[in-house]
Amino acid sequence: MSATSSEGRPRRFQGSLRIMAALWIGGLWTLACAVVPLLFSNFPLAVAGGLAGELFGLWQGLGLVCGGFVVAAVRGRGRPWAAIAWATWLLDAIFELIILPVMAFLRSQPNFGPQASSWGLFMGLHGLATAVYFTEGVLGLALIARAL
1 MSATSSEGRP
11 RRFQGSLRIM
21 AALWIGGLWT
31 LACAVVPLLF
41 SNFPLAVAGG
51 LAGELFGLWQ
61 GLGLVCGGFV
71 VAAVRGRGRP
81 WAAIAWATWL
91 LDAIFELIIL
101 PVMAFLRSQP
111 NFGPQASSWG
121 LFMGLHGLAT
131 AVYFTEGVLG
141 LALIARAL
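Read in this note's numbering, the sequence shown has 44 at position 44, and its numbers run on one by one without any break.
Just so you know, these hints were derived from the structure itself, not from any lab. Note that the structure is predicted; figures quoted are calculated from it, not measured. By construction, the Cβ of each residue, glycine as well, lies at the ideal position given by its N, Cα and C atoms. Treat the hints with caution; some may be incorrect.
[Said to hold, decoys possible] Each pair of labels, with its calculated beta carbon distance range: (1) 19 x 102: 29 to 35 Å; (2) 120 x 51: 31 to 37 Å; (3) 54 x 119: 19 to 25 Å; (4) 90 x 23: 18 to 24 Å.
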């Protein structure tokens, strides 16, 4: 048994990448499927939305770090998996660096709510955020299952 993988990386490093990817993507799914529904079932809508936004921001920030390591690790693994890793990481960045800050800004406006003129934009971004987040999660699962 060799101490290196077929790509020439130490096996110990390979295990660390799998753990990083599993934490990153597993956390995405846990947050979306368990934590956020729990928040909305136990807190007022505004409080739950604010907490969910904060948690998404924290987790996506972690994803930028972990995803960066994963992208660097799979770049020599063949074009499809490298592209999937990049796409997953890019979606994380779009969510963290563009969508969440704009949504937080809109939410911070006085009298924010369904009556606000920015409500339509906020709800459109919410729909986009859901699609981006779900796509990131699915691509991440594929990445873990096949590339690492």
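Hints and how they fare:
Judged by the Cβ atoms, the range 29 to 35 Å given for residue 19 and residue 102 holds: they are separated by roughly 32 Å. For the pair residue 120 and residue 51, the supplied restraint of 31 to 37 Å is violated, since their beta-carbon distance comes to about 23 Å. As the Cβ distance of residue 54 to residue 119 is approximately 20 Å, the hint placing it in 19 to 25 Å holds. Distance hint check for residue 90 and residue 23: the Cβ-Cβ separation is about 19 Å, which falls inside the suggested range of 18 to 24 Å.
Checked against the numbered hints given earlier, the structure breaks only hint 2 and satisfies all the rest.
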